[in-house]
Amino acid sequence: AVVSTQSTGVIDYAVKIRVRPDSLGVVTDGVKHSMNPFDENAIEEAVRMKQKKIVKEIVVASCGPSQSQETIRTALAMGADRGIHVEVPAGTDADLQPLAVAKIFSKLVEKEKPDLVILGKQAIDDDANQTTQLLAGMLDWPQGTMASVVNAADGRLTITREIDGGLEDISVSLPAVISADLRLNEPRYATLPNIMKAKKKKIEKMTPENLGVDITPRLKILNVVDPPVRQAGEKVPDVSTLMEKLKEKGHL
Amino acid sequence: MSSTSFARGIFLGELREEEIFPYPQVLDSDQKETISMMMEAGHAFFQNTNDAAANDSAEKIPEEQLDEMRQLGMYGLMVPEEYGGLALTNTMYAKFGELTGEYDLGLGIHTGAHQSIGYKGILLYGNPEQKEKYLPSLASGDVFACFCLTEPSSGSDASSIKTRAVLNEAGTHYVMNGAKIWISNGGIAEIFTVFAQTPAIDAKTGETKDKITAFIVERAFGGVSHGPPEKKMGIKCSNTSEVYFENVEIPVENVLGEVGGGFKVAMNILNNGRFGMGACLTGTMRMLISKAVDHANNRKQFVSNLREYQGIQQKIARMNLLCYANESMAYMLCGNMDRGAPEYQIEAAMSKIFASQSAWDVCDETIQILGGAGFMKDVGIERWMRDLRIFRIFEGTNDILKLFIALNGVQELGNLFKKQGNLGTVMGLAQKRVLGMGSLKTKVHADLEPSVKQLQEDITKFHIATSAQVIKYKKKIIEQQVVLNRIAESSILLQSMAAVISRANLAAEKGDTSEVVLASAWCGEAHQKIAALVADMQNADLTKVDNATLNVGKLSLDNNGYLAQSPI
Chain D
1 AVVSTQSTGV IDYAVKIRVR PDSLGVVTDG VKHSMNPFDE NAIEEAVRMK
51 QKKIVKEIVV ASCGPSQSQE TIRTALAMGA DRGIHVEVPA GTDADLQPLA
101 VAKIFSKLVE KEKPDLVILG KQAIDDDANQ TTQLLAGMLD WPQGTMASVV
151 NAADGRLTIT REIDGGLEDI SVSLPAVISA DLRLNEPRYA TLPNIMKAKK
201 KKIEKMTPEN LGVDITPRLK ILNVVDPPVR QAGEKVPDVS TLMEKLKEKG
251 HL
Chain G
1001 MSSTSFARGI FLGELREEEI FPYPQVLDSD QKETISMMME AGHAFFQNTN
1051 DAAANDSAEK IPEEQLDEMR QLGMYGLMVP EEYGGLALTN TMYAKFGELT
1101 GEYDLGLGIH TGAHQSIGYK GILLYGNPEQ KEKYLPSLAS GDVFACFCLT
1151 EPSSGSDASS IKTRAVLNEA GTHYVMNGAK IWISNGGIAE IFTVFAQTPA
1201 IDAKTGETKD KITAFIVERA FGGVSHGPPE KKMGIKCSNT SEVYFENVEI
1251 PVENVLGEVG GGFKVAMNIL NNGRFGMGAC LTGTMRMLIS KAVDHANNRK
1301 QFVSNLREYQ GIQQKIARMN LLCYANESMA YMLCGNMDRG APEYQIEAAM
1351 SKIFASQSAW DVCDETIQIL GGAGFMKDVG IERWMRDLRI FRIFEGTNDI
1401 LKLFIALNGV QELGNLFKKQ GNLGTVMGLA QKRVLGMGSL KTKVHADLEP
1451 SVKQLQEDIT KFHIATSAQV IKYKKKIIEQ QVVLNRIAES SILLQSMAAV
1501 ISRANLAAEK GDTSEVVLAS AWCGEAHQKI AALVADMQNA DLTKVDNATL
1551 NVGKLSLDNN GYLAQSPI
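Here the protein sequences line up with chains D and G, keeping their order. Counting from 1, position 209 in the first sequence corresponds to residue 209 in the working numbering; the numbering is continuous, with no gaps. Counting from 1, position 243 in the second sequence corresponds to residue 1243 in the working numbering; the numbering is continuous, with no gaps.
Chain G extracted, bound-state conformation (with noise of 0.2 Å):
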């Protein structure tokens, strides 16, 4: 099936509606009761039993809690009924994962790391045995699982792993050697998915190489240890480790997936749960919201309430225009996935960059209206800020996956330029484009039109500036991260502008009109933005401050710091 993603199609300059008109409405009446349901039991659970303060400040989450969180089925949540889980799907899961955001983030992590990415693997690329075997206590939370990738000296760079698995003579197990570092759940599981390198034969040179296999490792083999508790910024009371694997031999059985094909294991299994955190933080984003309001509301400074100046609204606008266009990206996403989009990775990571970035600024602001009072730990919300920080770095740091967003985008336009023969040609069908965008095949509510009509010029000038700079660059583009960047965020703007449109737009086929002045607001912000980053992405001049500020960049790095001495 041929892809119908709307973030491919904007590099094309193409405006693709199959995954944004109508917005994904993909719950039937039975699941909307269940998961309202469940939010009840989950309210309840965060409100009166867990007490995220105390859990930060223990850096644990008490042990009888444990037992609660199993009760109430908190570790199982996507497992199929047959192994003991609760079969939720992903826009479910999405939905209660709001619950973490909303409350407590270091235990959504341990939740998280547990089953969104920990025993993920064993879902997706697991076979009948394996899942008979491990699923049933994993969804129970009897036994707890992690994601063992990172090392000391492979963060993003994935592939680099060194840890080791050799078969055995007898080729009944291999055995496996190294350490990786920062695994969340890892001092407490049982069971490890690990990648290791293990040596391949190359079917076609008959060369031994080195690929990446996923693995299923259990504690219970022998050879499996931990480190201390890391000692973090926030998400205290999720336990963070290293794990040592010394002579640790795995049964062949517990290869997960293929040998060697353990590289695009550890990516789908990230790609797949990289839509929680867009909901997660959706909750967060709220919650703050909700107390920057109320102190805005009460707090009297010279004349009046801090909510009658112009500078404290504007920063509640801001703080809601974030959370709307996120919460519309998220469930977008999820609502995709479960509609059975054949791929949705850009937008995973496009929702992952604007949820974390976005939650970060609002926590922010929300301590600047705060003033003082918001810097102290008894009000509660320096915590979040604590919390917030890692959100930017792990699950694909968002340097990354902008670097990701962009290049799959370059390919495309690449690919579509091989085919299509020389500049001249390129540069004409481009401004065929221009010309080309008639309306949209769906009915869009009158007071949206507008809206409609700036992502259309937008995604046309975004379309002929990114393939401009392919044209210009070639197969160094890779190396352009400047212009890399600009790319991403024009294209995450654009995604974000076809989310909020749609959304609104439902709500306006259902006779409410409220969210026509989110969704323009938004667009119009988002419009301006693009406006100048592709204004920057041709600028000629600016090319060249920008390699003169890299240049100051590169002389820094020489000069091992800051470049000035002192002015007195």
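Just chain D, with the same shape it has in the complex (with noise of 0.2 Å):
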């Protein structure tokens, strides 16, 4: 079985994003929220893998208030087999951060037992990229963060992953947790009679205390700010008045 895990639904890629009043966040409230889009190409490529028979049941897994429920049936129109919904009530959701996801998916995992976990590489609210490395120290699993390109044989997998250096392989044994990068694959849409289907998928509910994990935050955002404005230009007419004013401004 495959773990795919969903962070909470993220405010859509093209939608513009506002400062909270409070400075303590974004708005949220009546924003359109997706799929994280790195979640879609977990879910993808575990779909892929039930294709070719690498896999034999898939299991999406989300953290999060009652809208995530349309998250995950949108991975179960995907091809997802059942999904477990791990509820958190309505306005402490953005509060959830990734050690608490972490811990909350070490339990799934004693409670599934899979023998792969996937998940996105990282949320495009926090751009945290911390559950999946946290969650393999927990299980004590080997990670293969970042994937682009990956594949199994004999039990184990060969992961390519894009770094800053350029592209790395790298070979492990199962179980293991990987994150999805966007080159991975190019996730399919659901049809919808898929969606039809998906409504007929079990979806299994439980809380935070069902599992014994206190997801109290560790981390406190002390302020949000968009980034400044940038400022006009000047234009000069040679290089020596760009001489004065570098001086003038003390840059040189």
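Derived by calculation from the structure, the hints in this document are not laboratory data. Treat each hint with caution, since some may be false.
Here are the simulated DSS-like cross-link-like pairs (lysine-lysine), alpha carbons at most 30 Å apart as the crow flies [claimed, not checked]: (1) K1377(G) - K197(D); (2) K1453(G) - K1377(G); (3) K1443(G) - K1453(G); (4) K205(D) - K1032(G); (5) K199(D) - K1131(G); (6) K1474(G) - K1419(G); (7) K197(D) - K1131(G); (8) K1461(G) - K1529(G); (9) K1162(G) - K1291(G); (10) K1133(G) - K200(D); (11) K1032(G) - K1204(G); (12) K1472(G) - K201(D); (13) K1131(G) - K201(D); (14) K1475(G) - K1554(G); (15) K249(D) - K205(D); (16) K1133(G) - K1264(G); (17) K1032(G) - K202(D); (18) K200(D) - K1474(G); (19) K197(D) - K1032(G); (20) K1529(G) - K199(D); (21) K1264(G) - K1291(G); (22) K52(D) - K202(D); (23) K199(D) - K1133(G); (24) K1472(G) - K1419(G); (25) K199(D) - K1032(G); (26) K111(D) - K235(D); (27) K1529(G) - K235(D); (28) K205(D) - K247(D); (29) K1131(G) - K200(D).
Facing chain G, a subset of chain D residues (Cβ under 7 Å, in silico) [what the hints assert, rightly or not]: (30) T74; (31) L182; (32) E186; (33) Y189; (34) T191; (35) P193; (36) M196; (37) P237; (38) V239.
Every residue gets a Cβ at the ideal spot worked out from N, C-alpha and C, and that includes glycine.
Make one complex out of these two single chains by using the hints.
What follows is the structure, given as structure tokens:
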């Protein structure tokens, strides 16, 4: 079985973000939410593995408020077999940090005993890129993060990772944790018949308390601000004026 | 079940609340989630796969894309699940239809001609054997369907069609001969819903008369052929062609509905699908408004961006009001259909007229705001203007539908007067109604109360004015199209007022009063227009002007053209 993770729906990438008046986050009320793009890659990879008969069953899990259910259903419509919704009260989901999510997933792994966990490499709301690594550490499983190619053979996985220096190939034994990068695959969109079929697939509901996990945030957000507005430039007639200006502004 | 139709009620001077308050909310949370997910899938398809401009230039949807559309499930949206469809309700189908309105009207006509009218007859009138046999491959899009009514000499005058189907001696097959024109999907369909004259023996008189019968015709029966794709102004990627039937043998099992009952089948199919246009064109108008607003916010001329000028602000405002009124009427209609309203043909006709005319006006203004750029192919707006023109014509011309609305209402009044007796009684009763319209049973938000008062006042004035016309012309009112058009236009405006008040009230009840300004502004405009139309109806001097104007028309027709000579 594969546990493919879903963060709660994130603000759709095309939406213009606005900072909240209290400067402690961004406005999420009434804003379009969609599945995190990297999670789409994760689900897609799991579905392809199932089509190639590398995995038998795909379980998709998500932690979040009631709206997470729609994200889970989208994953079911893409081809996952069943879902687990770890529900947190609305309003507290913004406090759900990677450490808490990793703890929840390690409990789910204990319960479901999958051979492989695939997550999106990071959520586009906080860009943390931590959950996979924390989870692998907790489980003491090998990890393949930022995967752009995954191949299975003889009970092992070879993974090509996109890193700053280029591409790195690693080989991991199972069970393992992988995080999906954008170029891993082209996610399918759910077809309407599959959306209908997804309605009949089971979603199990539970709370962090059921799993014995304390999700109190360990990090406190102090301030969120827009990037500084770009200042207008100034045109100068010649090089000597340029030198003067630079000296004036203390850059030389 | 007696009618609770709001539209019918206004002719009688009644403000019937059952179908307008509360604004129909017919989707449960599961359906809302389902349609939300379907919209996401739809948006992804239209943004990533479909290329409307390319479809328009090629005058075709690429074959590979049709396969993707089949997989996506676009061809069986309202078919029951047991036949492989998605079993969407009218409201869900309407919402999904906004996508074709937003992205590609030509594609929308291709899928609409298939399922909204092409095989709708099988859904509405098919027996279990016919449904079992035909729906699965139609729902999957493996085969396409089309609706074959129009002929060279029969457009609006549908009952005059000449295609004939005669029962063979053995009584096993009808043999069909005839030609249909302007059939959407005619060149690509395998299954044809065809309307033809069949000789029928009148039960009472024993005479043989021609009556229209509906048939499910398969191309595979032999004798069915089609002409080349028509070259059109717009919706170019949708195939439109002539279809010919030459000694086509149709098994009697393929009669759709009753022998001789075909006209009703045709009208009901069209009536049943009409709601789709209002929702579809909501998508179009919303998209066009975005483009107009984007331009107005960024284009600078003289001292500021266009947005600062009243002329532009007024245009943008009007576009919003038209879209809001249209959307309110569209979803009120399909909501009532889903709630089981016993009849809705007047409301459906009103919605179709309003949607097609508003969308045209909104597109026209969008081009105007964009100026020269609006006229350029690359900018992409001109295609919408070309695509939209047909919406005022097909599925029942707006001209015919206005007469349909007015005559339905006038008939309602005629029946009422027959019951009530002489003129004095009638006018007395009308007067009573003026005094009698008290407060609504429904509690409406305080800010909407002025609009409600306007609506009540206007319904009363409309009823009195229309009654006077009926009394004046009696049966000859059928010929008085100038009067009938005024009646129809007023009634559509009244329906739109009710729809926006109800919708804004729904939002206000949920805590959002931002729509009150839209509803009030629209009601104010409608109120003025209705006042003018009603005054015109009752203006004896204007009737003289009308007749003089009509005479100009007659002279021009006699003169085979423009009446005046050059002034120089």
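Here is how each hint holds up against the structure:
1. K1377(G) - K197(D): With Cα atoms ~42 Å apart, K1377(G) and K197(D) exceed 30 Å; violated.
2. K1453(G) - K1377(G): Roughly 47 Å between the alpha carbons, so the hint for K1453(G) and K1377(G) is violated.
3. K1443(G) - K1453(G): Holds. K1443(G) to K1453(G) sits at ~13 Å (cutoff 30 Å).
4. K205(D) - K1032(G): It holds: about 20 Å lies between the C-alpha atoms, which stays within 30 Å.
5. K199(D) - K1131(G): holds (25 Å)
6. K1474(G) - K1419(G): Holds: K1474(G) and K1419(G) sit about 15 Å apart, inside 30 Å.
7. K197(D) - K1131(G): Distance ~22 Å between K197(D) and K1131(G) Cα, so the pair holds.
8. K1461(G) - K1529(G): holds (13 Å)
9. K1162(G) - K1291(G): Violated, at about 46 Å.
10. K1133(G) - K200(D): holds (27 Å)
11. K1032(G) - K1204(G): Given that 30 Å is the threshold and the Cα spacing comes to 52 Å, the pair is violated.
12. K1472(G) - K201(D): Given pair K1472(G), K201(D) is violated - Cα atoms ~66 Å apart, limit 30 Å.
13. K1131(G) - K201(D): Measuring from Cα to Cα gives roughly 28 Å; hence the hint holds.
14. K1475(G) - K1554(G): holds (23 Å)
15. K249(D) - K205(D): violated (60 Å)
16. K1133(G) - K1264(G): At roughly 23 Å apart (the allowed maximum being 30 Å), K1264(G) and K1133(G) satisfy the hint.
17. K1032(G) - K202(D): Roughly 19 Å between the alpha carbons, so the hint for K1032(G) and K202(D) holds.
18. K200(D) - K1474(G): violated (60 Å)
19. K197(D) - K1032(G): holds (16 Å)
20. K1529(G) - K199(D): violated (48 Å)
21. K1264(G) - K1291(G): violated (42 Å)
22. K52(D) - K202(D): Judged against 30 Å, a Cα distance of about 23 Å means the pair holds.
23. K199(D) - K1133(G): holds (27 Å)
24. K1472(G) - K1419(G): The hint holds at about 17 Å.
25. K199(D) - K1032(G): With a Cα-Cα distance of about 12 Å, the restraint between K199(D) and K1032(G) holds, given a limit of 30 Å.
26. K111(D) - K235(D): violated (65 Å)
27. K1529(G) - K235(D): Given that 30 Å is the threshold and the Cα spacing comes to 58 Å, the pair is violated.
28. K205(D) - K247(D): The given pair, whose Cα atoms are some 65 Å apart, is violated under the 30 Å limit.
29. K1131(G) - K200(D): With a Cα-Cα distance of about 25 Å, the restraint between K1131(G) and K200(D) holds, given a limit of 30 Å.
30. T74: holds (6 Å)
31. L182: At 15 Å from the nearest chain G Cβ, L182(D) fails the 7 Å test, so the hint is violated.
32. E186: The hint is violated - E186(D) has no Cβ within 7 Å of chain G, the shortest such distance being about 10 Å.
33. Y189: Since chain G brings a Cβ to about 4 Å from Y189(D), closer than 7 Å, the hint holds.
34. T191: With Cβ-Cβ at 5 Å, under 7 Å, it holds.
35. P193: Since chain G brings a Cβ to about 4 Å from P193(D), closer than 7 Å, the hint holds.
36. M196: Interface hint status for M196(D): holds (6 Å vs cutoff 7 Å).
37. P237: violated (28 Å)
38. V239: violated (34 Å)
Checked against the numbered hints given earlier, this structure breaks hints 1, 2, 9, 11, 12, 15, 18, 20, 21, 26, 27, 28, 31, 32, 37, 38; the rest are met.
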